[in-house]
Amino acid sequence: MGIKEIQEEIVDEFSMFDDWMQRYEYMIELGKSLPLIDEKYKTDDNIIKGCQSKVWVHAELDGDRLVFTADSDAIITKGIIAILIRAFSNQKPQDIIDADTDFIDEIGLKEHLSPTRANGLVSMIKQLKLYAVAYQTQLN
Amino acid sequence: MLDIKKIRGDFPILNREVNGKPLVYLDNAATSQTPKQVIDAIVDYYENYNANIHRGVHALSQEATDKYEQARIKIQKHFNAAKSHEIIFTSGTTHGINLVASGFTSLLKAGDEIVVSAMEHHSNIVPWQMLCERTGAVLKVIPMNDEGELVMQQYDQLLSDRTQLVFCNHVSNALGTVNPIAEIIEKAHKLGAAVLVDGAQAAPHIKADVQALDVDFYTVSAHKMCGPTGVGMLYGKEEWLNKLPPYQGGGEMIAEVTFEKTTYADLPHKFEAGTPNICGGIAFGAALAYMNAISFDQIAEYEHDLLEYATQELLKVEGLRIYGTAKKKTSVISFNIEGVHPYDIGTILDKLGIAVRTGHHCAQPIMDFYGIPGTVRASFSFYNTKDEVDVLVEGVKRARNMLL
Ligand SMILES: Cc1ncc(COP(=O)(O)O)c(C=O)c1O
Chain A
1 MGIKEIQEEI VDEFSMFDDW MQRYEYMIEL GKSLPLIDEK YKTDDNIIKG
51 CQSKVWVHAE LDGDRLVFTA DSDAIITKGI IAILIRAFSN QKPQDIIDAD
101 TDFIDEIGLK EHLSPTRANG LVSMIKQLKL YAVAYQTQLN
Chain B
1 MLDIKKIRGD FPILNREVNG KPLVYLDNAA TSQTPKQVID AIVDYYENYN
51 ANIHRGVHAL SQEATDKYEQ ARIKIQKHFN AAKSHEIIFT SGTTHGINLV
101 ASGFTSLLKA GDEIVVSAME HHSNIVPWQM LCERTGAVLK VIPMNDEGEL
151 VMQQYDQLLS DRTQLVFCNH VSNALGTVNP IAEIIEKAHK LGAAVLVDGA
201 QAAPHIKADV QALDVDFYTV SAHKMCGPTG VGMLYGKEEW LNKLPPYQGG
251 GEMIAEVTFE KTTYADLPHK FEAGTPNICG GIAFGAALAY MNAISFDQIA
301 EYEHDLLEYA TQELLKVEGL RIYGTAKKKT SVISFNIEGV HPYDIGTILD
351 KLGIAVRTGH HCAQPIMDFY GIPGTVRASF SFYNTKDEVD VLVEGVKRAR
401 NMLL
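In order, the protein sequences belong to chains A and B.
Just so we're aligned: 69 in full-length UniProt numbering is position 69 of the first sequence, and the numbers increase by one with no gaps anywhere.
Just so we're aligned: 15 in full-length UniProt numbering is position 15 of the second sequence, and the numbers increase by one with no gaps anywhere.
Every clue listed holds true.
Result set (BS3-like, lysine-lysine): computed pairs, CA atoms no more than 27 angstroms apart in a straight line:
#1 A/32 x B/397
#2 A/54 x B/351
#3 A/54 x B/397
#4 B/21 x A/110
#5 B/21 x B/351
Just a sample of chain A residues kept apart from chain B, beta carbon distances all over 12 angstroms, derived:
#6 6
#7 39
#8 61
#9 95
#10 105
#11 123
The set of hints was computed from the structure by calculation and includes no laboratory data.
Owing to the predicted nature of the structure, the values given are computational and were not obtained by experimental measurement.
By construction, the Cβ of each residue, glycine as well, lies at the ideal position given by its N, Cα and C atoms.
With these hints in hand, go ahead and build the complete structure from the sequences.
Here it is as structure tokens:
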């Protein structure tokens, strides 16, 4: 599936819930299913700044696709990364660079996050795209 | 006995809802809410006598000046300062600390020592580090124990004839510990060192008597004690304030200006450059009047009850640990639940309308001491109730069930 379709799927899933408590419960579930980063990559270099909780992300190429793994010490943060990784992992770097991130607004994630977490979300997206840029150059 | 129903009626914001739930505001240590008596004072100022002070011949300026100076006297009386010009209006605690730290630059030399406690707010650490960088003075730290109390034997050993300054908060914002400042001051004075006490967290709960304490500097923020943001006060003993050079230059703080030489105004104006937060100062006075009308003794008694009740109920939650178990505490509870990140708990509580603070509370050394990323901090004021404690405890249980 392409990034756009996955994003639509996520938007659909989130629209099924009536209240934000349920959405949080779902995010916590997603957090538990996050493809975990190998412990050896949990270095300070791989920490994303801008979060009250710690977030580590690692990217590596599998053929022409970029695969992300991640972890966080906070479970809701893990849920947020899990959503992002589901949308962006296993995709071609150029597609990740080109992808828009409107689905974040559509599921209303940002406005329901605290300002520090919303900042963290923006940093996470930026980081994923930076990885894509770096690997795209490598592929060229 | 406090008439809580009546008191809560004074705080319009307590009627609002958050995420469809009644607001339970337990972030009072970050900033307290504002009663309508204080809001009225602010409105009255802007509706009736807004003008610049100390410089106008006209009636409004005179009225504003009178009210502002009356507020200074209210603050003086409240903290029992000997003289009203020992009260400097500031923008808050941070400003007060920086004013003193900056002033000591010319009074310190390399090798002098500054003693600071292990449980300071960053705003009572960083300005002193900067002072050390400027002067070559050395920072020494009074350690704390697991309960979150200062180890006073160590303090005795840190003091020496090299000690020039001692800084300590009266109450720790992250733990609620009430520090033995009278003892700290007395011992420092025996060696001729000056003491600054950060009263930001004490002032909402404890009426400090600066003369009885014999403290050299005491600084607070109005917004933590029912006043507005952006205003506070620094108390300094007259002899010290005369010794320190001005902090900022500008209007208001001068006696005479020529391009060759400027002479400075007398206290307190020497430290009050530029147009101050006039309305804020007046509202700060109104906030003190409001709290004194309720009485600090009554407030302390009521909050102590709330603290005991909340401590007892929270400890019933499985895996919950409280950080800061000093014998003398204000109504602050910092806690974590085993296996759960404090940030997650705070997020769920927010969805339930409960405002708490999470994180390191600008006191990273304390978090490092306990080896944790942060805590959830619930801080209670005299307008909080046991019912709200119950809502908090239920919320914490629910968060725990969701997150584990
Ligand atoms: C102990 C302590 N000191 C200083 C400050 C800083 O106060 P302000 O930000 O009002 O200057 C705070 C505020 O959180 C505090 O709790």
